[in-house]
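A.B. asks: Listed below, chain by chain, are the residues.
Number of protein chains: 2
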Amino acid sequence: MRIALDAMGGDFGPVPNLAGAALALAAYPQISTLYLVGRPDELRAELARIGLSDRRIEIIEATEVVDMKDSAVNAIRRKKNSSIAVATDMVRDGRADAVVSAGHTGAAVAASTLKLRTLQGIDRAGILTPFPNEAHGVCYLIDAGANVDSRPEHLVQQALMGWTYVKHVHGKTNPAVGLMSNGEEDSKGNDVTKEVFARLAAMRPLGLNFTGNIEGRDLLASPVDVAVCDGFVGNVLLKGCEGTAKAFARALKAELTASVWRKLLAALLKPAFRGVHTKMSYETYGGSPLLGVNGVTIIAHGSSNATAIKNALRMAVESISHRVNPHITESVERFLHSPIPPAGNLAEATPVSTHA
Amino acid sequence: MRIALDAMGGDFGPVPNLAGAALALAAYPQISTLYLVGRPDELRAELARIGLSDRRIEIIEATEVVDMKDSAVNAIRRKKNSSIAVATDMVRDGRADAVVSAGHTGAAVAASTLKLRTLQGIDRAGILTPFPNEAHGVCYLIDAGANVDSRPEHLVQQALMGWTYVKHVHGKTNPAVGLMSNGEEDSKGNDVTKEVFARLAAMRPLGLNFTGNIEGRDLLASPVDVAVCDGFVGNVLLKGCEGTAKAFARALKAELTASVWRKLLAALLKPAFRGVHTKMSYETYGGSPLLGVNGVTIIAHGSSNATAIKNALRMAVESISHRVNPHITESVERFLHSPIPPAGNLAEATPVSTHA
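Line by line, the protein sequences give chains A and B.
Here the numbering used here = 1-based position in the first sequence + 420.
Here the numbering used here = 1-based position in the second sequence + 420.
Some clues are possibly wrong.
Identical chains share a label here; the pair holds if one copy fits it or two copies do between them.
What the hints assert, rightly or not - Cross-link-like lysine to any residue pairs, in silico, SDA-like; alpha carbons within 20 angstroms at most:
id, residue 1, residue 2
1, K500, L534
2, K699, A678
3, K489, G603
4, K673, V612
5, K535, R422
6, K699, T677
7, K499, L688
8, K500, K535
9, K683, F693
10, K587, P643
11, K666, A555
12, K500, R459
Derived by calculation from the structure, the hints in this document are not laboratory data.
Values in this document were obtained by computation on a predicted structure and should not be read as measured data.
I would like the entire structure built from these sequences, with the hints used as guidance.
C.D. replies: Okay, here's the thing in structure tokens:
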């Protein structure tokens with residue numbers, strides 16, 4: 421496997437990218453070549469500084485970097501030699517199997533959709549973002565922000581892509597797919613999700629484990645593998661949940677540092693707090709695959725540290741080795757181009773309830 | 421002030437409602453009559469059990485209770501003698517100044533919109549929900565779930581209602597209003613929010629402190645007083661944030677009870693954890709006013725304890741004493757029926773940035 425890493429991307433530039441690359445090269449022998457895309461002088465200096473030398477590393481020159489202030493599409497159209505553009509070009513041209521970037525999310529989405537195009541049967545790419553989930557370990561939200569103003573067919577495609585990813589990457593027989601809504605009752609939803617509900621329910625006889633409407637809290641607590649929503653809703657939700665976890669952590673820190681006595685006790689409990697952080701932190705879960713493009717694109721968090729970059733590279737390895745894209749095409753064929761079986765088969769496909 | 425409390429509403433029935441009533445009667449002498457609406461026998465028994473007797477309490481009979489499984493509108497149409505219906509009737513008929521309910525949110529919204537109707541100039545009611553906010557103490561999300569498929573004019577009205585509430589109840593000169601979006605740049609948004617952005621920006625010269633687009637995380641951390649969004653988005657966001665805080669608390673508890681040693685240390689830090697809980701918990705902030713109806717309706721959390729009910733009653737007192745509804749009508753007049761001043765005045769109305 422050949423992976424192109426946008427080595428300049430993210431809030432902290434090459435430092436966490438190269439440290440994460442070192443961890444991934446040690447952990448994943450499947451990586452035959454890791455392309456570090458960016459400014460060669462900076463990358464060589466950082467490689468030397470951390471003492472990383474591996475014959476699988478190859479530096480690819482990209483003279484520009486997309487700034488977080490750049491508009492997404494303009495950045496890709498104007499900065500043709502940016503690290504994210506060059507890394508994505510490598511996938512488009514068949515020189516790499518995947519691109520991983522912690523840079524400007526909008527630019528990474530624009531680069532992939534403009535350069536790689538979408539898979540047959542998929543109209544819009546979707547960002548699949550992992551959440552810590554108490555029942556299933558992880559639950560993926562799709563779409564976390566690639567596509568706003570989704571039409572019903574877009575959300576149905578997102579559902580099938582998420583289902584396919586979990587089925588093949590996690591080896592689950594029939595992942596549970598929930599539809600994000602403003603209440604768990606079947607009647608809840610807006611105009612778009614009500615239509616999506618009907619279409620996903622109609623796919624139950626074809627073997628889709630559609631569990632019905634779910635709520636924001638279900639993402640973290642209920643036995644659901646995939647939560648489907650429009651990218652506007654998903655982005656607001658993702659940032660709200662992240663913000664809540666951070667606010668909680670800050671409130672906790674403020675209380676635990678309010679006196680010398682509390683500081684002392686808190687120091688003794690450090691392993692416990694580290695355990696919570698590991699469980700609740702995005703770093704543990706890796707990046708977010710951009711599903712539906714004709715190539716493998718993994719978007720990492722802008723403030724990724726080395727562990728997060730390593731886990732994003734792990735996701736690239738998994739997407740390639742489990743052949744996520746060919747399986748998405750199969751799912752489209754199976755669920756969108758098959759006739760719905762007669763209602764007599766419905767009993768076999770009773771959905772697993774999300775709400776125990 | 422005469423307040424009708426749906427004494428049967430909520431997950432735990434009369435117990436927290438009456439305990440909260442006792443706290444509120446002690447704290448708010450402005451309450452001249454507190455109507456406890458529900459099944460008289462159950463209410464009298466509970467009053468006796470907790471030893472609450474106050475000449476300001478009056479029991480009003482309502483023989484039915486809306487079940488959480490009932491559909492909202494059907495519940496109001498069919499259970500005409502439910503506690504929430506009877507309590508809302510009292511406001512409609514001028515026998516009470518406000519209704520407070522921890523029962524079925526949809527039923528409370530339906531009862532208020534069907535019985536009280538909306539204020540002049542307001543097409544849709546909106547649920548205003550407080551979030552703990554590090555910069556401003558509290559930030560209100562509107563709409564947290566009353567109205568899905570909002571049109572731009574609905575969101576503009578929600579913005580004005582939220583602004584009016586904070587201005588008068590919190591005595592802020594010019595509250596900061598943000599528009600919930602999928603990114604903080606002006607260009608971000610979906611079709612509806614882009615239109616809302618333009619309309620709110622056009623009201624800056626009239627004195628509206630519209631700070632532009634905000635993200636989910638800003639609710640908890642940025643200097644913004646009101647966050648505006650569609651009720652579908654707001655409901656998903658609210659439940660996602662609540663779910664995250666609860667998941668964080670459970671993860672913390674699991675770590676802190678993993679050994680006898682940790683349990684001991686955690687016991688010594690109990691006041692610190694209680695501090696975090698107080699700060700992050702909805703109980704502290706009270707209920708959610710349903711703004712835009714011709715009356716005062718406060719919706720409390722279904723799992724409200726006595727403190728939460730007390731704070732919801734406090735919100736009713738505040739909405740009445742600060743004359744929120746007449747001020748909403750004034751705001752509609754000022755912002756929606758005034759000509760926009762010429763651009764020369766724009767400099768005076770430069771918005772306060774949300775993003776320091």
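A.B. asks: For every hint, state whether the structure bears it out.
C.D. replies: We went through each hint and held it up to the structure:
In the homo-oligomer, the alpha carbons of K500 and L534 lie at most 20 angstroms apart inside one protomer (12 angstroms), although the nearest pairing across protomers, at 58 angstroms, exceeds that limit. Taking the shortest Cα distances, K699 and A678 sit within 20 angstroms of each other only across copies (15 angstroms), while inside one copy they are farther apart (25 angstroms). Proximity of K489 and G603 under a CA criterion of 20 angstroms is satisfied inter-copy only: 11 angstroms between copies versus 36 angstroms inside one chain copy. When the C-alpha separation of K673 and V612 is checked against a cutoff of 20 angstroms, the pair qualifies neither within a copy, at 42 angstroms, nor between copies, at 39 angstroms.
When the C-alpha separation of K535 and R422 is checked against a cutoff of 20 angstroms, the pair qualifies only within one copy, where the shortest distance is 18 angstroms, while the shortest distance between copies is 65 angstroms. Taking CA atoms no more than 20 angstroms apart as the test, K699 paired with T677 passes between copies only; the shortest distance there is 16 angstroms, against 22 angstroms inside one copy. Taking the shortest alpha-carbon separations for K499 and L688, neither the intra-copy value of 50 angstroms nor the inter-copy value of 57 angstroms comes in at or below 20 angstroms. For a Cα distance limit of 20 angstroms, the shortest separation of K500 from K535 inside one copy, 11 angstroms, qualifies, whereas the shortest one across copies, 61 angstroms, does not.
With identical chains, the CA atoms of K683 and F693 are at most 20 angstroms apart both within one copy (13 angstroms) and between copies (13 angstroms). Proximity of K587 to P643 under the C-alpha cut-off of 20 angstroms is restricted to the intra-copy arrangement: shortest distance 15 angstroms within a copy versus 43 angstroms between copies. With identical chains, the CA atoms of K666 and A555 are at most 20 angstroms apart between copies only, with a shortest distance of 14 angstroms across copies and 22 angstroms within one. For the identical chains of this complex, K500 and R459 are intra-copy neighbours only, at 14 angstroms inside a copy versus 72 angstroms across copies, given an alpha-carbon limit of 20 angstroms.
In this structure, the hints that do not hold are numbers 4, 7, in rising order.
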